[in-house]
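There are 2 protein chains.
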Amino acid sequence: MSPIAAVVLTGGEVDQIAGLLTLRERGPFGLYGTEGTLSTLTANSIFSVLGADVVPRRAIQPGAAFALPGGIEAELFRVPGKAPLYLEGDNPDLEAETDANVGIELRAHGARLVFIPGAAKLTPAIASRLAEADVVLFDGTLFSDDEMIAARAGAKTGRRMGHMPVGGPDGTLAALAGLARRRILIHINNTNPILIEGSPQRRAVEAAGFEVAEDGMRIEL
Amino acid sequence: MSPIAAVVLTGGEVDQIAGLLTLRERGPFGLYGTEGTLSTLTANSIFSVLGADVVPRRAIQPGAAFALPGGIEAELFRVPGKAPLYLEGDNPDLEAETDANVGIELRAHGARLVFIPGAAKLTPAIASRLAEADVVLFDGTLFSDDEMIAARAGAKTGRRMGHMPVGGPDGTLAALAGLARRRILIHINNTNPILIEGSPQRRAVEAAGFEVAEDGMRIEL
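Keeping their order, the protein sequence lines are chains A and B.
The letter at position 120 of the first sequence is residue 1173 when you use this note's numbering, and the numbering goes up by one with no holes.
The letter at position 202 of the second sequence is residue 1255 when you use this note's numbering, and the numbering goes up by one with no holes.
Do not rely on the hints blindly, as some may be mistaken.
Identical copies go unnamed one by one, so any copy, or any two together, can satisfy a pair.
In the SDA-like style, the derived pairs of lysine to any residue whose C-alpha atoms are separated by at most 25 Å in a straight line are [claimed, not checked]:
#, residue 1, residue 2
1, LYS1209, GLY1080
2, LYS1209, MET1270
3, LYS1209, SER1055
4, LYS1174, PRO1081
5, LYS1209, PRO1081
6, LYS1209, SER1092
7, LYS1209, ALA1161
8, LYS1209, ILE1057
9, LYS1174, ILE1202
10, LYS1209, ARG1079
11, LYS1209, ALA1112
12, LYS1174, GLY1116
13, LYS1174, GLY1083
14, LYS1174, LEU1232
15, LYS1209, VAL1102
16, LYS1209, SER1101
17, LYS1209, ASP1187
Simulated from the structure, these hints should not be mistaken for laboratory data.
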């Protein structure tokens, strides 16, 4: 049994949904996601180990507020990105704004937190949302677009995977400058040098007023 | 990248296949299983993150020897059991001998190891196979058939889950007595008292000449 009361999915990528399989001990919780993401679970029968009688699924329309346990108000919103790798097909749209890739805003007691684990670019609408936030947790996958290729860790650029880079003129540090009271980078790939304390890239992140997330991090609003 | 050169599936239960999702870093290895088990992977698109160009799948016929990397000869064989939980339907056959649940025998340099993580009962054919083995790793899910119900950890008996108990007149200790040079219990549920050193059930296991597997265990043949 786990103390988890609710799971909200922001997409159907493996790292977003595989953890559900370790929550299959018939402990009750609510499972929320867009209709697109929930249909991916339905199409993969392995997820039916989460019995509908103990883990009810609720389809959430982006843009419409909904209630989570504990008095939290939540809202999903579309973020430019792509379909999950195993569904993307031959020529995926890398900056589509669909139900397949969303962020979530959480509101309680007047505080606002925004969580965006994957973003291909920052739209004006999302920038406005971040401007109002107390904390934003944002896609920090790669520092440089060609980082995995340079490290011989893969053949893909960050943009090909649907992620804007952290550094550079079009990167996250520039795009999010001045937005939100507190900015934390998440979803960081193991090739990303911001994971190394004291590296030039880590210092650039800190100088720009961003934090690097770590395991067990606790955020108080 | 992982040093794993081959993965052989003995069934399509979540604990047998979910680990594949953490091997999706485009490192090459061979994936072996019965046609029934591989078709379960095909039916769940999430497993296509293991690209066919780096992780070729090979359907194996039970009873036919096949070669694994490192000079190991292997053979799958049917074991009484049931279909994976998420595929079982309303009235599953709990002791079916189908391609959905198999054991594996590994042979190299004259040594034999048999691995059976789930067995509803021991057939004469499997007993003969174990008699010839140097080491057998065998289903030790529950000590008593009603153990999960007694511990209020679940509503199912072991037999309903397709597992024979370790103890009792029809249990594994009795059924495997005298078979194989070395007998090791695996796939042990967290309600099973054999995990507690010094418990009466653990002492019964040890007195019967069985070992209890542990993380990081290394077996030399």
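To see whether the hints hold, each was checked on the structure:
1. Within a single copy, LYS1209 and GLY1080 get their C-alpha atoms only as close as 39 Å, which misses the 25 Å cut-off; across copies the closest is 15 Å, which meets it.
2. Taking CA atoms no more than 25 Å apart as the test, LYS1209 paired with MET1270 passes in neither setting, with 30 Å inside one copy and 38 Å between copies.
3. In the homo-oligomer, the alpha carbons of LYS1209 and SER1055 lie at most 25 Å apart only across protomers (19 Å), although the nearest pairing inside one protomer, at 37 Å, exceeds that limit.
4. Proximity of LYS1174 to PRO1081 under the C-alpha cut-off of 25 Å is found in neither arrangement, the shortest distances being 36 Å within a copy and 33 Å between copies.
5. Taking identical chains as interchangeable, the C-alpha atoms of LYS1209 and PRO1081 lie at most 25 Å apart only when they sit on different chains, with a minimum of 17 Å there against 39 Å within one chain.
6. Taking the shortest alpha-carbon separations for LYS1209 and SER1092, neither the intra-copy value of 27 Å nor the inter-copy value of 29 Å comes in at or below 25 Å.
7. Taking the closest pair of Cα atoms, LYS1209 and ALA1161 never come within 25 Å of each other, the shortest separation being 39 Å inside a single copy and 40 Å across copies.
8. In this assembly of identical chains, LYS1209 and ILE1057 lie within 25 Å of each other by CA distance solely across copies; the values are 23 Å between and 35 Å within a copy.
9. When the C-alpha separation of LYS1174 and ILE1202 is checked against a cutoff of 25 Å, the pair qualifies only within one copy, where the shortest distance is 21 Å, while the shortest distance between copies is 52 Å.
10. Taking identical chains as interchangeable, the C-alpha atoms of LYS1209 and ARG1079 lie at most 25 Å apart only when they sit on different chains, with a minimum of 12 Å there against 39 Å within one chain.
11. With identical chains, the CA atoms of LYS1209 and ALA1112 are never at most 25 Å apart, being 32 Å at best within one copy and 31 Å at best between copies.
12. For the identical chains of this complex, LYS1174 and GLY1116 are intra-copy neighbours only, at 19 Å inside a copy versus 54 Å across copies, given an alpha-carbon limit of 25 Å.
13. Taking the closest pair of Cα atoms, LYS1174 and GLY1083 never come within 25 Å of each other, the shortest separation being 30 Å inside a single copy and 38 Å across copies.
14. In this assembly of identical chains, LYS1174 and LEU1232 lie within 25 Å of each other by CA distance solely inside one copy; the values are 15 Å within and 63 Å between copies.
15. When the C-alpha separation of LYS1209 and VAL1102 is checked against a cutoff of 25 Å, the pair qualifies only between copies, where the shortest distance is 15 Å, while the shortest distance within a copy is 33 Å.
16. Within a single copy, LYS1209 and SER1101 get their C-alpha atoms only as close as 33 Å, which misses the 25 Å cut-off; across copies the closest is 18 Å, which meets it.
17. Proximity of LYS1209 to ASP1187 under the C-alpha cut-off of 25 Å is found in neither arrangement, the shortest distances being 34 Å within a copy and 47 Å between copies.
When each numbered hint is compared with the structure, violations occur for hints 2, 4, 6, 7, 11, 13, 17.
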